[in-house]
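Visitor: Could you put the whole structure together from the sequences, leaning on the hints where they help?
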Amino acid sequence: MNRREFMKSASATAVASGAGVAAPAVFSPAKAQARNETLLIVSESGPNNLDIHGVGTNVPGYEASWNTYDRLITHEMTEKEGVRYYDRDKLKGELAEDMNIGDMSVTFKLKKNATFQDGTPVTAKDVKWSLDRAVSVGGFPTFQMKAGSLEKPEQFVVVDDHTVRVDFLRKDRLTIPDLAVIVPCVINSELVKKNATEKDPWGLEYTKQNTAGSGAYRVTKWTPGTEVIFERFDDWKGGPLPKIKRVIWRMVPSAGNRRALMERGDADISYDLPNKDFVELKQAGKLNITSVPYSNGVQYIGMNVKSPPFDNPKVREAVAYAIPYEKIMEAVLYGLGRPMFGAPADAATKVAWPQPTKFKTDLAKAKQLMAEAGYAGGIDTTLSFDLGFAGVNEPICVLLQENLAQIGIKTTINKIPGANWRTELNKKVLPLYTNVFSGWLDYPEYFFFWCYHGSNSVFNTMSYQSAAMDTFIDGARAAAASGDKAAYDTDVKGMVDLAFADVPRIPLYQPFVNVAMQKNITGYEYWFHRRLDYRAFQKG
Amino acid sequence: MLKLLGSRLATAVPSLIGVVIVTFLLTRVLPGDTAAYFAGPAATPQAIAEIRTKLGLDKSLPAQFADYVSALAHGDLGSSLSTGQPVATEIASRLPASAELTLAGLVLALLIAVPFGIIAAVRQGSWIDHACRIITTAGVSLPVFFTGLLLVYVFYFKLGWAPAPLGRLDVFFSAPETVTGFYLIDSLIARDFETFRAALAQLAVPAITLAIFALAPIARMTRASMLAVLSSEFVRTAKAAGLTDYTVIITYAFRNAMLPVVTTLGMVFSFLLGANVLVEKVFAWPGIGSYAVEALITSDYAPVQGFVLAMAILYVILNLLIDLAYGIIDPRARSEA
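Protein sequences, first through last, are from chains X and C.
The opening residue of the first sequence carries number 1 in the numbering used here; numbering runs sequentially from there.
The opening residue of the second sequence carries number 1 in the numbering used here; numbering runs sequentially from there.
In case anyone wonders, no lab produced these hints; they're calculated from the structure.
Incorrect hints may appear among the rest.
As the list claims (entries may be wrong) - Residues from chain C shown here face chain X by an in silico Cβ test under 7 Å; the list is partial: (1) ILE51; (2) ARG52; (3) GLY78; (4) LEU81; (5) LEU149; (6) ALA164; (7) LEU166; (8) LYS281; (9) VAL282; (10) PRO286.
Heads up, the beta-carbon is just placed ideally off N, CA and C, and yes, glycines get one too.
Guide: Now the structure itself:
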């Protein structure tokens, strides 16, 4: 992080927001006027909680939190393949106007004029209370904080009213980026404490229903399962004042109707639609369609390496050669995915993740591998998928089943309901399945630590254990913390090569986030969390 | 009458107790693990355990049941995890939405089906009888989500006559002050005719969808029972006595043919509440059916229990009303009770 740049962006922000405040508010009863300042977003499902610290907050809830709360720091924007894309490596202040990274701590100076939506100033004790809350409430927020070595309340120190210091437990290059994710949001501590109870000391019940942040929007009405209405907070200091005054987010469960609403021009943005609809809308050209690959995300075929037949690497390789990759890309994704297979045989391994394997569909080779493995007689097994994402998972499994049958692997498709999927996966007994994993923090070692490390986290769904792999992953993490680029590169290449040689899981493709917008809507930004950021949108 | 009311209500109590026990047990044998689901994609086993403790799911089944019943006795139906709201408030706000839609569909179906059925019976074998047969067959055989999508496609997407299928009100209208929870009635009470018009426009297509579905059993039942009554002796006597067609058909025949129609109505109403689930999905209607289905998919116990309980109570009331209606239509039914 470059300090001079930080200051520059912070002051530019202040100027811009000042100018924005000066603009007079326009009130007009005319509906056309209201529609111009209002963004109507439709999606399949909505939040179950407005606070990401809540118990079991769902993914749409992250969107509510992102737009209504500020963090100390956030990412700069850059451009990637024509889409505004968050810059993983460049951070700027949101509530902080200055960040000073020391050897074993980082110190933030807060913007002096920043206030919460109820007018109380944002102080260092609010920041500490909020970070304490994130590491204490348990569940997902605490887990996410831990990913950046943020584990104990003692790490967050109030220096003075407008200065906070975060002490490092250990050197970890993910600590600073982890302070820019959704979880470490700054909450109006006095307001929430007032509404906390003995049983609920962190006021989770209150923030579930009410937004208590300093963010650019606040939720003025929320009818769960139906709609969420956001109004702009005109005194927002986190960045330039957003153009959109009001955001109405309606849940429309029927995909066909979401498409109809977009095509008729009644809705401004549709967050999710089936791939086929997106392709057709793109071809029709009446709407702006953005498709961006999930950062650090891969859809894969996983195999349980602990028990036969998939404990045999030759069988796993045979499966990798039997997958109908091209057919999946065409018939299931309609091209809306980035292939993670079929790299040229002489391609060098890159220091990057995700990257394609060298596998391609080759049934003859697969059959030969099956014979070499001693399974020429065939195998009977089950192929499982999560019904919650049946639109993609089911056709993938059907196509795979067809090809596997040709190499002697007979599969029964096992459809697991969404509520049950994670439980089944956690048992680590499914022999063969398709799943997707994506990490907020876009670093190869982060992905590999969760998915391939011998510490056997929940995402190591294959129960893969390899001393060599652990050495690479631990080495890469240490090298990243100490800034040893050469060692880091060697370790990342090592782990990618090993993952592709042992193939406990076979990468298929990087899925896309698909957003459809009317032509007059601009300002879409891709964020690591993949949800919408309302602050940059413009209409007209 | 009061005695009948009392005895009917008393018989409802054991069934309600049964419903409480059965729904509790049924939700517990659902395969999903609520805690794992709500712990999120990035949960550790420890995080899942923490959530399980928070939700009280780590207790034994009898202990959970005791918790549930004691909360129920205080009128607390628990909280939904997927929407984050208390179940009682959710049901209170969603039930009127479903009821308004269902009743609108039912009334519409009645208005069309009863005259249709009568005419088909009177002019048996005529073109109108055949039309009745075709329409009713089509009505039952087309699934509601299909008719719903078809109507949206034609009336909203192609013709632009219907408003966007976005629930009970256009996004730029605000809901009228709640009195009954029925937007049509509330907006009239508030004398807000613009909202009334908007709510009616939103209601039209989903109500027609439901009506098409409900048309068939009512029309068929009206026709069949009219045919039976028309061939009976008292009608022949009435005709022989030279009464007008209107008096014979409406005053004498129809009143006697109404009993089975009312029974069918009760059944159709319950069908409609079921069919509602799909219509609500298609029209983004914030009703109780879509709420229950979503809860079921996510193994969210409290709303499912609350929903089944609310439905059970609704059925008890409905059956009671139908019994009372019998008494009004046919004095003989009164004495039998």
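Visitor: Does each hint fit the structure? Answer for all of them.
Guide: Verification of the hints:
| no. | hint | verdict |
| --- | --- | --- |
| 1 | ILE51 | 6 Å, holds |
| 2 | ARG52 | 11 Å, violated |
| 3 | GLY78 | 14 Å, violated |
| 4 | LEU81 | 6 Å, holds |
| 5 | LEU149 | 6 Å, holds |
| 6 | ALA164 | 4 Å, holds |
| 7 | LEU166 | 6 Å, holds |
| 8 | LYS281 | 5 Å, holds |
| 9 | VAL282 | 5 Å, holds |
| 10 | PRO286 | 4 Å, holds |
Violated hints, in rising order: 2, 3; the structure is consistent with all others.
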